[in-house]
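**Q** Using the sequences provided together with the hints, build the complete structure.
Going down the list, the sequences are from chains A and B. Numbering of the first sequence is given in numbering that gives the first Met the number 0, commencing with residue 0 and proceeding in unit increments. Numbering of the second sequence is given in numbering that gives the first Met the number 0, commencing with residue 0 and proceeding in unit increments.
The set of hints was computed from the structure by calculation and includes no laboratory data. There may be inaccurate statements among the hints.
A pair holds if it fits inside one copy or across any two, identical chains being indistinguishable in the list.
The calculated lysine to any residue pairs, modelled on SDA-like cross-linking and capped at a C-alpha distance of 25 Å, are [stated by the list, open to error]: (1) 82 / 50; (2) 314 / 249; (3) 82 / 148; (4) 88 / 122; (5) 173 / 315; (6) 262 / 11; (7) 12 / 189; (8) 54 / 70; (9) 258 / 2; (10) 28 / 9.
Next come the chains, spelled out residue by residue.
There are 2 protein chains.
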Amino acid sequence: MSTATLQCTSCGKDFDVLAAPLLCGVCKKGLLQVRHNLGRVRERVNRYDIARGPKSLWRYVELLPVERESITTLGEGMTPSIKSENLGKEWGLSNLSFKLEYGNPTGSFKDRGTSVSVSVLRASGAKEVFDDSSGNAGSSLAAYCARAGIACTIYAPSNASEQKLAQTRVYGAKVVKVKGPRAAASRAALRAWRAGKGSYASHLRSPFFIEGTKTLAFEVAEEHRWDVPDHMVFPVGGGSLLLGAFKGFTELSELNWTKGIPKLHCIQAQTCSPIVDAYQRGRSDVVPTHESTTIAAGIMITDPPRGRQVLEALKSSGGSAVAVSDGEILEAQRLLARCEGLFAEPTSCAALAGLKKLIEKGEISGDESVVLPLTGSGLKQVGTLRERHRRL
Amino acid sequence: MSTATLQCTSCGKDFDVLAAPLLCGVCKKGLLQVRHNLGRVRERVNRYDIARGPKSLWRYVELLPVERESITTLGEGMTPSIKSENLGKEWGLSNLSFKLEYGNPTGSFKDRGTSVSVSVLRASGAKEVFDDSSGNAGSSLAAYCARAGIACTIYAPSNASEQKLAQTRVYGAKVVKVKGPRAAASRAALRAWRAGKGSYASHLRSPFFIEGTKTLAFEVAEEHRWDVPDHMVFPVGGGSLLLGAFKGFTELSELNWTKGIPKLHCIQAQTCSPIVDAYQRGRSDVVPTHESTTIAAGIMITDPPRGRQVLEALKSSGGSAVAVSDGEILEAQRLLARCEGLFAEPTSCAALAGLKKLIEKGEISGDESVVLPLTGSGLKQVGTLRERHRRL
Chain A
0 MSTATLQCTS
10 CGKDFDVLAA
20 PLLCGVCKKG
30 LLQVRHNLGR
40 VRERVNRYDI
50 ARGPKSLWRY
60 VELLPVERES
70 ITTLGEGMTP
80 SIKSENLGKE
90 WGLSNLSFKL
100 EYGNPTGSFK
110 DRGTSVSVSV
120 LRASGAKEVF
130 DDSSGNAGSS
140 LAAYCARAGI
150 ACTIYAPSNA
160 SEQKLAQTRV
170 YGAKVVKVKG
180 PRAAASRAAL
190 RAWRAGKGSY
200 ASHLRSPFFI
210 EGTKTLAFEV
220 AEEHRWDVPD
230 HMVFPVGGGS
240 LLLGAFKGFT
250 ELSELNWTKG
260 IPKLHCIQAQ
270 TCSPIVDAYQ
280 RGRSDVVPTH
290 ESTTIAAGIM
300 ITDPPRGRQV
310 LEALKSSGGS
320 AVAVSDGEIL
330 EAQRLLARCE
340 GLFAEPTSCA
350 ALAGLKKLIE
360 KGEISGDESV
370 VLPLTGSGLK
380 QVGTLRERHR
390 RL
Chain B
0 MSTATLQCTS
10 CGKDFDVLAA
20 PLLCGVCKKG
30 LLQVRHNLGR
40 VRERVNRYDI
50 ARGPKSLWRY
60 VELLPVERES
70 ITTLGEGMTP
80 SIKSENLGKE
90 WGLSNLSFKL
100 EYGNPTGSFK
110 DRGTSVSVSV
120 LRASGAKEVF
130 DDSSGNAGSS
140 LAAYCARAGI
150 ACTIYAPSNA
160 SEQKLAQTRV
170 YGAKVVKVKG
180 PRAAASRAAL
190 RAWRAGKGSY
200 ASHLRSPFFI
210 EGTKTLAFEV
220 AEEHRWDVPD
230 HMVFPVGGGS
240 LLLGAFKGFT
250 ELSELNWTKG
260 IPKLHCIQAQ
270 TCSPIVDAYQ
280 RGRSDVVPTH
290 ESTTIAAGIM
300 ITDPPRGRQV
310 LEALKSSGGS
320 AVAVSDGEIL
330 EAQRLLARCE
340 GLFAEPTSCA
350 ALAGLKKLIE
360 KGEISGDESV
370 VLPLTGSGLK
380 QVGTLRERHR
390 RL
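**A** What follows is the structure, encoded as structure tokens:
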């Protein structure tokens with residue numbers, strides 16, 4: 000039996016996990032989060048039992064809001080972690096490693112979140128789900144829904160990559176293109192939700208999505224023999240991976256399985272940086288920005304629903320936030336492929352471009368350990384690669 | 000210290016691993032294979048030590064011809080293995096599972112072979128390497144060479160997928176397009192080799208490549224708690240994965256770590272099926288076919304250098320061989336994505352289409368266990384997906 004309950008982050012009211020609500024049913028606006036009874040978890044399992052579990056993120060099932068019999072898995076998690084061979088040295092870092100999140104089943108970290116949220120939705124009896132996405136979250140949801148036998152619809156902005164939409168469709172999902180900016184697709188999904196057209200598996204709002212992404216922290220800690228690195232650097236749009244990591248490290252620390260939390264750093268694209276802007280101005284809330292364009296389409300979120308939580312995680316962990324240009328992102332992509340043999344999509348490479356800036360600014364020093372997740376596969380956008388690199 | 004030596008499969012002469020020759024230096028035509036001193040391996044390690052090793056194929060380093068300090072790794076191997084949720088039931092199989100080889104670092108099983116062959120080449124002091132490839136082997140070699148700091152050239156047929164060549168180029172490799180059929184690219188590479196233009200890292204001929212692919216067998220056995228499944232079904236062009244699996248299972252059996260070898264089945268495209276043709280006619284040697292076209296470009300090998308060895312492996316393991324049409328391959332791709340949530344490229348899906356035929360022919364019965372490796376990512380060819388599915 001899972002020890003999990005749901006709690007409203009705004010009014011504090013509790014809900015049952017299997018009701019799988021998206022927002023608080025009482026105050027009608029608060030996002031929810033999963034709370035585990037860590038005392039009971041500790042009675043059942045210790046950190047050394049973990050290694051005997053499956054070779055996927057489900058080895059941490061005792062810390063997830065899912066019963067074993069409801070698990071919907073495509074083998075997500077337990078992605079490779081490899082040391083930098085060349086770039087770290089060049090940039091003066093003695094201990095840089097990459098977590099190859101693009102090795103997940105559909106080619107992005109999103110599979111961590113989707114596996115958990117689809118498992119909960121399936122257990123709750125969902126027959127139809129939908130989400131808004133410019134690409135990776137949509138194709139991930141489509142894949143897990145195919146496996147679970149759940150109908151899936153994705154609301155996508157009209158400028159979404161055709162390659163990513165083709166991947167979404169191959170799993171049998173319906174793609175609805177929404178005219179206007181990325182945010183218009185979000186509004187269309189919210190309308191569908193209010194109209195009761197199934198379950199809104201919002202990767203930007205669902206508490207279950209973050210339960211999945213938190214397993215990144217568990218794996219990083221387990222790989223460090225239950226220690227934690229000094230820094231982690233994330234590309235941030237909605238912030239679901241950074242927030243998942245923050246929740247994961249916080250739970251490990253509360254379990255006394257690890258000590259402390261890495262400094263979590265947030266990297267955004269210069270043309271869409273609401274969280275970086277708020278961080279630099281010392282604000283505790285995010286002001287939505289106008290939509291522009293960036294090569295890093297995966298982090299083009301002008302009004303992140305969890306922006307406030309990201310700012311809190313940066314502050315609480317001692318991390319920071321910087322923005323990078325498209326030129327810096329493409330240069331990072333080139334360096335990563337040529338110096339390390341790793342091919343990640345531009346959105347992921349924003350984090351690498353940001354790492355360079357953090358070193359230059361003195362936020363990270365040469366003897367500190369850094370883990371950088373490579374969130375999405377370069378294959379996701381290989382079609383337009385030469386053109387992009389030529390243009391810049 | 001590795002226990003490995005090289006032996007000519009034709010005249011039996013022994014060679015040193017670090018000389019890293021491609022063909023026998025005495026008879027000038029024999030392909031080489033690695034021989035391990037399994038008695039010495041057994042003294043050093045037992046199968047239960049393996050689980051304490053790294054989360055990559057290098058956990059089996061004692062059975063590989065590489066010293067620890069020469070390892071060039073991108074985290075290859077230890078790919079997810081997942082049970083069929085729907086297709087197996089539909090086809091009357093109670094125990095079908097997929098090995099997600101496309102979760103490897105560059106999106107295909109080739110990374111297993113490349114990691115080992117580049118590790119050996121690096122140890123041997125190679126500065127420039129080349130291969131001929133229509134796609135996956137080329138991008139894999141490019142990635143590992145980038146990591147190892149070795150210059151890389153890929154000879155590609157002029158009709159090779161632009162998406163795959165773009166991936167090869169991103170790692171900094173040079174792509175030389177060769178006019179004519181796939182075999183013309185092979186001849187260009189052989190000419191470069193005879194002219195002494197560096198090391199020919201031929202995935203079709205190198206003994207080290209198969210050392211890497213054999214780790215698939217080790218993982219499947221370890222996942223089955225050191226038992227073996229009844230059947231494995233492979234898409235076959237050059238046959239490097241099937242031959243690797245055969246060598247791996249043979250070594251495990253000789254070590255007494257497992258008993259028996261699964262029946263290994265070979266699936267080819269109807270328009271390029273030299274091995275299936277030889278099998279069906281009861282021949283022990285392969286007659287080259289003329290080049291045609293197939294959607295499964297990765298197995299378009301008209302004259303497989305190891306064709307004879309593949310036939311021997313089929314015979315020795317009790318497996319069989321069938322050919323499938325492009326229409327059957329695309330239907331298998333669609334079913335795999337829609338029923339299982341798994342997206343593999345057409346070449347991989349040839350194996351699934353073949354599995355269906357093997358069941359229909361009675362070669363595989365409902366209560367037997369089957370493992371099917373999904374060799375390459377669907378993302379590798381997503382660009383032309385809709386067009387292909389529409390055309391057929």
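**Q** Decide, hint by hint, whether the structure agrees.
**A** Taking the hints in turn, this is what the structure says about them:
Proximity of residue 82 and residue 50 under a CA criterion of 25 Å is satisfied in both settings, with 21 Å inside one chain copy and 21 Å between copies. Within a single copy, residue 314 and residue 249 get their C-alpha atoms as close as 14 Å, which meets the 25 Å cut-off; across copies the closest is 56 Å, which misses it. In this assembly of identical chains, the alpha carbons of residue 82 and residue 148 lie at most 25 Å apart only when taken from different copies (15 Å versus 39 Å within one copy). Taking identical chains as interchangeable, the C-alpha atoms of residue 88 and residue 122 lie at most 25 Å apart only when they sit on different chains, with a minimum of 21 Å there against 48 Å within one chain.
In this assembly of identical chains, residue 173 and residue 315 lie within 25 Å of each other by CA distance neither inside one copy nor across copies; the values are 40 Å within and 47 Å between. Within a single copy, residue 262 and residue 11 get their C-alpha atoms no closer than 27 Å, and across copies no closer than 59 Å, so neither meets the 25 Å cut-off. When the C-alpha separation of residue 12 and residue 189 is checked against a cutoff of 25 Å, the pair qualifies only within one copy, where the shortest distance is 22 Å, while the shortest distance between copies is 71 Å. For the identical chains of this complex, residue 54 and residue 70 are neighbours both inside a copy (14 Å) and across copies (23 Å), given an alpha-carbon limit of 25 Å.
Taking identical chains as interchangeable, the C-alpha atoms of residue 258 and residue 2 lie at most 25 Å apart only when both belong to the same chain, with a minimum of 23 Å there against 43 Å between chains. In this assembly of identical chains, the alpha carbons of residue 28 and residue 9 lie at most 25 Å apart only when taken from the same copy (8 Å versus 75 Å across copies).
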